[in-house]
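Number of protein chains: 4
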Amino acid sequence: MTSAANILILGASGYTGAEAVRLLSAHPHIRIGGLTADRRAGESMGAVFPQLAHLDLPVLQSIDDVKFEDYDGVICGLPHATTQQVLANVPSTVKVADLSADFRLRDPATYEKWYGHPHQALERQGEAVYGLTEFYRDDIKGASLVACAGCYPTSALLPLVPLLEQKLIDTDPIVIDSKSGVTGAGRGVAEGKLYCEVSDGFHAYGVAWHRHGPEIDQELSVAADADVVVTFTPHLVPMNRGMLSTIYVRGEADVCHKALTERFADEAFVQVLPFGQMPQTRHVRGSNLAVIGVVADRHSGRSIVISAIDNLVKGASGQGVQNLNLMLGFDETAGLDRFQPVFP
Amino acid sequence: MTSAANILILGASGYTGAEAVRLLSAHPHIRIGGLTADRRAGESMGAVFPQLAHLDLPVLQSIDDVKFEDYDGVICGLPHATTQQVLANVPSTVKVADLSADFRLRDPATYEKWYGHPHQALERQGEAVYGLTEFYRDDIKGASLVACAGCYPTSALLPLVPLLEQKLIDTDPIVIDSKSGVTGAGRGVAEGKLYCEVSDGFHAYGVAWHRHGPEIDQELSVAADADVVVTFTPHLVPMNRGMLSTIYVRGEADVCHKALTERFADEAFVQVLPFGQMPQTRHVRGSNLAVIGVVADRHSGRSIVISAIDNLVKGASGQGVQNLNLMLGFDETAGLDRFQPVFP
Amino acid sequence: MTSAANILILGASGYTGAEAVRLLSAHPHIRIGGLTADRRAGESMGAVFPQLAHLDLPVLQSIDDVKFEDYDGVICGLPHATTQQVLANVPSTVKVADLSADFRLRDPATYEKWYGHPHQALERQGEAVYGLTEFYRDDIKGASLVACAGCYPTSALLPLVPLLEQKLIDTDPIVIDSKSGVTGAGRGVAEGKLYCEVSDGFHAYGVAWHRHGPEIDQELSVAADADVVVTFTPHLVPMNRGMLSTIYVRGEADVCHKALTERFADEAFVQVLPFGQMPQTRHVRGSNLAVIGVVADRHSGRSIVISAIDNLVKGASGQGVQNLNLMLGFDETAGLDRFQPVFP
Amino acid sequence: MTSAANILILGASGYTGAEAVRLLSAHPHIRIGGLTADRRAGESMGAVFPQLAHLDLPVLQSIDDVKFEDYDGVICGLPHATTQQVLANVPSTVKVADLSADFRLRDPATYEKWYGHPHQALERQGEAVYGLTEFYRDDIKGASLVACAGCYPTSALLPLVPLLEQKLIDTDPIVIDSKSGVTGAGRGVAEGKLYCEVSDGFHAYGVAWHRHGPEIDQELSVAADADVVVTFTPHLVPMNRGMLSTIYVRGEADVCHKALTERFADEAFVQVLPFGQMPQTRHVRGSNLAVIGVVADRHSGRSIVISAIDNLVKGASGQGVQNLNLMLGFDETAGLDRFQPVFP
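Protein chains in written order, with this note's numbering: chain H, 1 to 344; chain V, 1001 to 1344; chain B, 2001 to 2344; chain E, 3001 to 3344.
Calculated from the structure, these hints are not laboratory results. Since this is a predicted model, take the numbers as computed values, not measurements. Incorrect hints may appear among the rest.
[As the list claims (entries may be wrong)] So the derived list for chain V, only partly shown, Cβ under 10 Å to chain B, looks like this:
(1) Tyr1015
(2) Leu1122
(3) Val1284
(4) Pro1344
No residue lacks a Cβ here, since even glycine has one placed at the ideal position from N, Cα and C.
Looking at chain H on its own, in the form it has when it is part of the complex:
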């Protein structure tokens, strides 16, 4: 290429926006041409995120002042509902990797049931491609709008989709016990996210009824070609980044392990550990990696599958860059493969 692609980041004052800046700041084919943050418009990115103050970045602007046609691509880190309003009018020539939940559910009725209001941009939803790269790679290459997978769904779907596609596990019961770092809740202020309310303790939230449940169901049902309804419990871990899902399924552990190993052998960002080994979130911190382990239960015919990702990278901004790379014709790993996990 003669020139770098010009990218806009919507919602740059949030954690996923800042993470997109980190990941793109040294991208070989992309330059950050615009940053929006309505409440901080006119300020520098360094004023909002001091860790980025040394970079030469555009001043934060209001979304109203954006000319979308100036950009080759967009990473959207806006909140739910706002996103569909903003993206409704973006020209389809601009490639959009959306990190919000707005375009993930294909069925408008399901969307309305779980989000409490009718969808405001149904036409765009119709053209949206679900953005779990490892499963929708070809569709993503030609898409205008990619609905990147949620963090919990990413961690659950990576191991489960191949197992259901190959009919190696039962469609029920599937119990997904997930644990997330606190960045998953975003940067908005709330008592429940204060340091003293989160540190040195552990709890579940949104048990059984978290909005990522139907998103997981949707993709597993496609994979199984049958209706799948999972049992899903998210928990909050006193850590900044990381997500671990412990998944209980009916299927032979060694068979599952072999299938996953083969399925992901050529994937740059998915590793399957040797049989019986377990991943740790700290070993993917800051990277786009997903690591999967499989263990046999004491009950024969039952397996425990564990996956670990960094919720801000593979679970959000890294997946966004991975998809944008594909949409813009770059190598899928461009700019991402140099970020090794930061441990400790």
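Add chains V, B and E to chain H, keeping to what the hints say.
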């Protein structure tokens, strides 16, 4: 009583030993008459645990120098295997609350299978009472040796035993996804317990094959009057204290909730939250409380039960004091009810 | 006594309010008769602080609904400025231990300079006694209103006042480099207190110009009988509780150590470590203890003095209870001496 | 260049070794040709550090099996004392960036006093260049052996050297109150580094007598052309990475700020904040940046200077790579400038 009971703490240089000192230091009917720590014998408790330096405590001594008959009771915080050797010869007139795993498994074959060697004190094991106070209260009152429940079993059994006894849930599948603070691993040095290996991350360990699995099976099988084999996965949380078990069962959530509420209504240390509310470990930190919540799954007829304890208190030393109180004829809550949770 | 003193806690929805409840819940001579929290009026304490849900406590009420004359004493955990308005009209027969900053500065001009507005309750300020118990014990016994020392001043003044009174150190330079846990910032929501903004990092704030500076100056000037202006830098530590002040002074370390050891020999809540040993905040967590260490600098004639407290206990609610005990005629240690540090 | 420089990492099983691998894994001009770890020889790097398992790295070998002449350069992350024995015989044609303390002190008598034994490789010490790149850049370019600055010295010297060189501050008193993350203590197992002994608390260690004191003195004395002896207190912060030094000096704050701003204007890895702003360690996490802030004290003529680095990067392995870049003729920032801070 005219005089306080004289208590010996075995293994005072470990976390459970220190916690026993904290809990007993202001006990109305007990005085700490002896402390052992073989490798630190001759030193003060304050040299080993500076937070206790201001207390007037006995000098640490070697177990070989102990005259057990001088004591009314013992809290034993020794490691596995050592415990059975030491306790084999303690006179049965001395009441022992043992925090180790040595006397929990009633079946010697099961013990040998999971611990890798034949039990060394089978006679004493025969007289041991399983120490989950809420279920074995009457037996504990007359016992000489109480095998206090493990931390994971305590968190799992408190909600599950009543549900199985009342046949409100199926005996299979029962999935117990547990998360523990780091004190659960003790004070022995090991790379995996270093701050930098534990903080800001999350992982599972001993998946499906942790030694607390058969202990849980044993007690659930008694409750169900049938063989129960659970699926059990422990995880390590970057926090000092606390244990949360997320338990997936087949049974009606509202019925389960009602039964647990009634079963524990008169228990001083067990609280059942209103239907649909979830406990947090930080809200029991430092106290002998167990808190239980019940939620309905999206699948009708399935429930998610969550329990929270402080693994060092209700999961270890607090349960030990609770049992010792009963064995010595004191009120079960003596010295324990004044420790409200320390939050934040 | 025939009956317990009836105590009101103002500002029960904050961390210091909840901590006062924890400390008073098992107090031998005090019962909690009232709790206020304007924004949560009508709710139970357990709704605001689930860790206290198992206690039998009064419903939260609005301050407007309080009849102060019903109470023997008050612990006030209200914010700055609000406090002076509320306490202005409390009858002087009601003993008040105030945890706010409103009545600590004796000079109205200094107050106005640092707090940006004239004091609204100058008469009450005139009768207020500074509440660092170890130095104002006799005055506190007869006081109606005690302005409990700030957390930073408590940690700095305990070692410095005796050294200046005895003229063992120079009045200048005195450098106080302090580090606080996050509860010191209260429960109000703010971006800077979010878990992800505080964890796994360290920073200074309010450098040289924190409002606790003039409070420290005031008391050191009294002790030295000369104007003292310290250099004071507060820092935020990713921990819930605890405060450590590292203090650099001109004076002989061994002489200073001996003087502090003697001065605090009979104090229940102040420990001076053997020469050269250093305190840790985790060893006072949850207790009313202050621990002090003294080390010689490489420059002869210079010393480093380090003190550790729990900012929520000795630095706030514990000191409040200690003072209220004195004001109500109880033993100073009543209800406090049973709270040994919770470690780990 | 036609081919990448071939680099050996000594001590790859430690945190600085692993960090060197992370930083070099995507270096444009360097490839990792060898890794040593005596106790883990024969194992893969992924077995020792799972976060690196996906990289194609040499198998760990014993130092005895290394042929140093095969390498263009070495990053040495060996422990003190071992280092001098190993490096004594490395040919001077191999460029060595040493992260240990062994070659930092120029005066053998000072070394012997602080390390308790005579230096074992005095010839090599004679040729060693002190490795704080920003001050010894030209010497480093021609050096065979660079003694990279200690983490504490790096954080203290960066702001202090220019101020003393320009005689803007007094040579005494200089008080350096430093706070470090736990990786600074290495990966060796010890009770004091266990999660439960470090988390949720704060303490000082090695007060006034830490071995980095004389190293700081040495460099400040050179800068001031006069004997400088600082007062230096290190503290341990419950965080993985990061170091913050709060430094109290005699000098005009605005003058100091201006001088530092100008001095570091062209440095790629040193940022001076606007006057009165303070750095946070979390904003340099994982990067080679040092950030400096200056504030005026309440005493005129006195200043507070605060610096923040990541102790594992600018304070160790990043500085090592920076120096190796210079020694091997590459751009100083090669491979380092793409690592933006990881926040949160």
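Does V:Leu1122 meet its interface restraint, that is, does its C-beta lie within less than 10 Å of any C-beta in chain B?
-> Hint violated; V:Leu1122 Cβ to chain B Cβ min 35 Å, cut 10 Å.
Against chain B, is V:Tyr1015 within 10 Å by beta-carbon distance?
-> 7 Å, holds
Report holds or violated for the interface hint on V:Val1284, using the least CB-CB distance to chain B and a cut-off of 10 Å.
-> 7 Å, holds
Cut-off 10 Å, beta-carbon criterion: hint that V:Pro1344 touches chain B = 4 Å, holds
Consistency with the previously given hints fails for number 2 only.
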